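Since the structure of chain G is provided, determine the placement of chain Z with the ligands on it from the hints.
Chains G and Z supply the protein sequences, listed in that same order.
Residue 1 is where the first sequence starts when you use our numbering, and the numbers rise one by one after that.
Residue 1 is where the second sequence starts when you use our numbering, and the numbers rise one by one after that.
These are computed hints drawn from the structure, not numbers from a lab.
All figures in this text were calculated on a predicted structure; none of them were measured in a lab.
Just so you know, even glycine gets a beta-carbon here, dropped at the ideal spot from N, CA and C.
It cannot be assumed that every hint is accurate.
DEER-style ranges, computed between Cβ atoms [unchecked claim]: (1) G:G219 - Z:K9: 35 to 43 Å; (2) Z:G8 - G:Q691: 44 to 52 Å; (3) Z:V59 - G:D574: 28 to 36 Å; (4) Z:G78 - G:L247: 22 to 30 Å; (5) G:S348 - Z:V40: 47 to 55 Å; (6) G:A345 - Z:S118: 37 to 45 Å; (7) Z:A141 - G:A610: 45 to 53 Å.
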Amino acid sequence: MKRRTFLLGSAGAAGALVVGWSLLPPRQRLTTAQPLAVRAGQVALNGWVKIAADNTVTVVMSKSEMGQGIYTGLAMLLAEELDADWAQVRIEQSPIDKIYNNLAMLVDGLPFHPDDDGTIKRVAGWLTEKTMREIGVMATGGSSGTKDLWLPMREAGASARAMLIGAAAEQWKLPKAECRAEAGRVAHASGKSASFGELVAFAGTQALPESVQLKDPAGFKILGRPLPRIEAASKLDGTAVFGIDVLPPGLLYASVGMCPTLGGRLARFDGAAAVKLPGVKKVIAVDAYNGGSGGVAVIADTPFHAMRALKEVSVEWDHGASAGVSSEDVYRRLAQTLDRESGFAYYSHGDVDAALKSAAKTVTAEYRAPYLAHAAMEPMNCTVQFKDGAATVWASTQVPGIARSAAAKVLGIEAQKVDVRVQLLGGGFGRRLEVDIVSQAAAIAREAGGAPVKTIWSREQDLAHDYYRPACVSRFKAGLDAAGNLTAWHNSSAGQAIVPQVLTRSFGLPGAGPDKTASEGAFDQPYEWANARIGHEIFDFPVPVGFWRSVGHSHQAFFKESFIDEVAHAAGKDPVAFRAALLARHPRHLRVLKRAAELSGWGQPLAPAADGAKRVRGIALHQSFGSVVAQVAEVSLSADKSIRVHRVVCVIDCGFPVNPNLIRQQMESGIVFGLSAALYQAIDIVKGQVQQSNYHDFQVLRMDACPVIETDIVPSTEHPEGVGEPGTPPIAPAVANALFALTGQRLRALPLKLA
Amino acid sequence: MQTLNINGKLVEVRAEPDTPLLWVLRGELHLNGTKFDCGVALCGACTVHLDGEPVRSCVTPIADVGARKITTIEGLQGSEAAALNAAWIALDVVQCGYCQSGQLMSAAALLKKNPKPSDADIDAAMSGNICRCGTYPRIRAAIHRAANKKGV
Ligand code: FES
Ligand code: FES
Numbered sequence: 001m002k003r004r005t006f007l008l009g010s011a012g013a014a015g016a017l018v019v020g021w022s023l024l025p026p027r028q029r030l031t032t033a034q035p036l037a038v039r040a041g042q043v044a045l046n047g048w049v050k051i052a053a054d055n056t057v058t059v060v061m062s063k064s065e066m067g068q069g070i071y072t073g074l075a076m077l078l079a080e081e082l083d084a085d086w087a088q089v090r091i092e093q094s095p096i097d098k099i100y101n102n103l104a105m106l107v108d109g110l111p112f113h114p115d116d117d118g119t120i121k122r123v124a125g126w127l128t129e130k131t132m133r134e135i136g137v138m139a140t141g142g143s144s145g146t147k148d149l150w151l152p153m154r155e156a157g158a159s160a161r162a163m164l165i166g167a168a169a170e171q172w173k174l175p176k177a178e179c180r181a182e183a184g185r186v187a188h189a190s191g192k193s194a195s196f197g198e199l200v201a202f203a204g205t206q207a208l209p210e211s212v213q214l215k216d217p218a219g220f221k222i223l224g225r226p227l228p229r230i231e232a233a234s235k236l237d238g239t240a241v242f243g244i245d246v247l248p249p250g251l252l253y254a255s256v257g258m259c260p261t262l263g264g265r266l267a268r269f270d271g272a273a274a275v276k277l278p279g280v281k282k283v284i285a286v287d288a289y290n291g292g293s294g295g296v297a298v299i300a301d302t303p304f305h306a307m308r309a310l311k312e313v314s315v316e317w318d319h320g321a322s323a324g325v326s327s328e329d330v331y332r333r334l335a336q337t338l339d340r341e342s343g344f345a346y347y348s349h350g351d352v353d354a355a356l357k358s359a360a361k362t363v364t365a366e367y368r369a370p371y372l373a374h375a376a377m378e379p380m381n382c383t384v385q386f387k388d389g390a391a392t393v394w395a396s397t398q399v400p401g402i403a404r405s406a407a408a409k410v411l412g413i414e415a416q417k418v419d420v421r422v423q424l425l426g427g428g429f430g431r432r433l434e435v436d437i438v439s440q441a442a443a444i445a446r447e448a449g450g451a452p453v454k455t456i457w458s459r460e461q462d463l464a465h466d467y468y469r470p471a472c473v474s475r476f477k478a479g480l481d482a483a484g485n486l487t488a489w490h491n492s493s494a495g496q497a498i499v500p501q502v503l504t505r506s507f508g509l510p511g512a513g514p515d516k517t518a519s520e521g522a523f524d525q526p527y528e529w530a531n532a533r534i535g536h537e538i539f540d541f542p543v544p545v546g547f548w549r550s551v552g553h554s555h556q557a558f559f560k561e562s563f564i565d566e567v568a569h570a571a572g573k574d575p576v577a578f579r580a581a582l583l584a585r586h587p588r589h590l591r592v593l594k595r596a597a598e599l600s601g602w603g604q605p606l607a608p609a610a611d612g613a614k615r616v617r618g619i620a621l622h623q624s625f626g627s628v629v630a631q632v633a634e635v636s637l638s639a640d641k642s643i644r645v646h647r648v649v650c651v652i653d654c655g656f657p658v659n660p661n662l663i664r665q666q667m668e669s670g671i672v673f674g675l676s677a678a679l680y681q682a683i684d685i686v687k688g689q690v691q692q693s694n695y696h697d698f699q700v701l702r703m704d705a706c707p708v709i710e711t712d713i714v715p716s717t718e719h720p721e722g723v724g725e726p727g728t729p730p731i732a733p734a735v736a737n738a739l740f741a742l743t744g745q746r747l748r749a750l751p752l753k754l755a
Numbered sequence: 001m002q003t004l005n006i007n008g009k010l011v012e013v014r015a016e017p018d019t020p021l022l023w024v025l026r027g028e029l030h031l032n033g034t035k036f037d038c039g040v041a042l043c044g045a046c047t048v049h050l051d052g053e054p055v056r057s058c059v060t061p062i063a064d065v066g067a068r069k070i071t072t073i074e075g076l077q078g079s080e081a082a083a084l085n086a087a088w089i090a091l092d093v094v095q096c097g098y099c100q101s102g103q104l105m106s107a108a109a110l111l112k113k114n115p116k117p118s119d120a121d122i123d124a125a126m127s128g129n130i131c132r133c134g135t136y137p138r139i140r141a142a143i144h145r146a147a148n149k150k151g152v
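Chain Z on its own, in the form it takes in the complex:
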């Protein structure tokens, strides 16, 4: 048994310590917004926050998580998240949607650190998140839009 701090709640999980966080979220807690794709930190679909830092949950065993605060798409809150959500809707970013939880988690972490990211900052922060539907141009525009709207 290990206790995890997920979306502001302490949760006891049964999974063995080598279990990747992704599979605890999906397989045990049924928080299915976090997605599985590559399984080896190449696509970003499984991105969650640990103490606000974006990490790939598919390669993060829960033994390494410790007491750090886990945030998933279901628990993503705050002014950055609200601004990103509004921008994502305004620019109609999503297509199939499968990658979008991961995209939003990466984008929210970026805005938290860097309230006015440049295109190069966006490239650096977002290039670990694949979108097979090609929503990149709209993601870029939506991040800029959220950055401009936030705190105005």
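Just chain G, same shape as in the assembly:
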């Protein structure tokens, strides 16, 4: 399979890791417009690294840490090429600057099939990169952190190393080529040696190198090692500061109650009783922001005073356009849409109608998936201080630049007057790509006379006012020849589109046209079917939808991998062998599939569960965010017929494994996240109101239901691909396929429920 090597110049797969600077737009992502702030004795050698006289190497983090381990991975990229001593590496969150804009995420968002490496795709990718460097956004999402910065951070490390070596050589009056950096020191064969800390002041006066040579993977000392995450200790003793933990002096707190109808507003309120309660400063109306709902806020001296007083505010709502929407109605109308339309064709090959007509056997099915909430454990919150025409925003956000614009817009000031300080995120999963909370917190802080205000939502508000994973209905028709070979694949799905909504609410742009994220996971997969048409029809409802871990893949993988299992059974073939036949020209996918089968003991007898219940395997394979993942789930039923998942074998090919420990963590994380959705979760909407309110009716997988998870990582020297999301899509179909093998029931709706 051809890889997307065009991002690396044209060096090809083998050359990808050793691309020299000259093949890349030099320096465009090396230095910030404003010099980085430094403390005494510290020097910023470029926009990505500061070194201090005490030998600490501070790597500047332009991505948000939300559990995915990006702080560690990015620090490793830079430390490797710098030849830093890992024990001396520290991290610090970056300011907002163009060099930190995420290019990879946007290039990945283009609607191309991964096998397609044609000119149009390359030009579109190049143009997107070029434009986004200028007008793009800082964003952590789309499993793109490592791939976005794989080269820039290594180049920054190599550039800093060259400056340190240059400084040493000049001081020692020795040729640069004879000086070497290793573990935080520069040394010469003559015995001369100096630490980075001793050299950095002089190194800071050296010119930026014209070009740098990156290391060959064979010479990596840090990359590829399973290092523990760099910020772990602070998360064990309560010192880690999440957005919800910031404590600027004079802090006030706000509690918010929004119209329970999606997109609804406040008609009127009476805060007279609430304002008399202890600690209450103000009761105010809040507008609806970013496609969310309006409501009331209580500002008080403590969080509890704000929460308690909120209950005493009487309100009347203006329910608005969503009041007629119910999720049952959504499913029905999506199905009706599919009666009429096959949707925009994202992929089309051969003559699928003719192939279906001449098929010896056809299989049809309809699948569906519900709306889902993110339910990150840190409730939505944001702290804003608006004073003397300028604002400070403390936020756990995935998009600091958009957060800055949002606050500036609400406060009527220029973006430059807003200082955004990104804090640790207590989970993101896509929810913190939205800045509704920032706009709202800014509006509330505007009423606080210059004091900082921390606005905190309750879990109930969070579940009722999310940007949900869109509900989706999908239909399949497959044709088999007499020998049981797949000859036709026709798939149409319908649902809401995310990107047009995001363009409107986050960028103020009109949103229209096909949305790749709606069909991803359906059209961009490696299987080679002789005749295929894969389409998606956008049907809009007034329900806010957003990016939920693995986005379109989260449901499309369930549909596609379940249906391919159905077709395999209809053809009388083993599900692994059936898939393998469709992957003959995709060695990378084939390897992942076969490895998962082998490690799980596919085809071998499986011992019953401890209580004697029969245990059965199911498999799924899916590609997302550049990575290929196969999972085999071992499933049984308890005496009361509830679904138990005992063990999951997971194989991933994510290109060069920068940190195998973090990759394993993300597979575990993605599987647990996906299992919660597969076994329990749905957001139901009745008359525009979300019915779920807390973890009792929006359940999350708990310790007692968590399977053993074994992850195997395929060795590779290819460009690194995403790991934060690709673990999620395959688990629902792997479990559903096991349930079919166990019970004969084909479950075509999520969450999985046996009849």
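This is chain Z with the ligands only, laid out in the frame that chain G set:
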């Protein structure tokens, strides 16, 4: 005014007696290691110890605390805590970290009572603590590891 015994110190607090302990810790004393999430005893993020027993501080009004000793993540000490911390680091348990104070508080209380917990014991003691990042397999392994290391 009420006096609370927090992490070995007597502290006078201003909060009204119906105030949940969580909000006294976070809102008044700025002990922010104890986390808020569900607010209704469904997630375990706010777990602290009262006389060594794990409780959900979000539903524990300070009026009910009385003279009992409160331990938060900031004050968690002793051989169980040290063994758990070492195991958490060795197995690199944490991800976003938001739930982890609560996980450690529950795990420390478990080990104190039951120095060699079985998988079923871990299920029973830890299933009240949600981790949305899915660190359960590593938490389980880390508890076993801490149990084996402790007192060896
Ligand atoms: S916040 Fe107390 S249990 Fe969830
Ligand atoms: S580590 Fe993120 S919720 Fe547990």
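**Message:** Under the constraints set out in the numbered hints, which ones does this structure not fulfil?
**Reply:** 1, 3, 6 and 7
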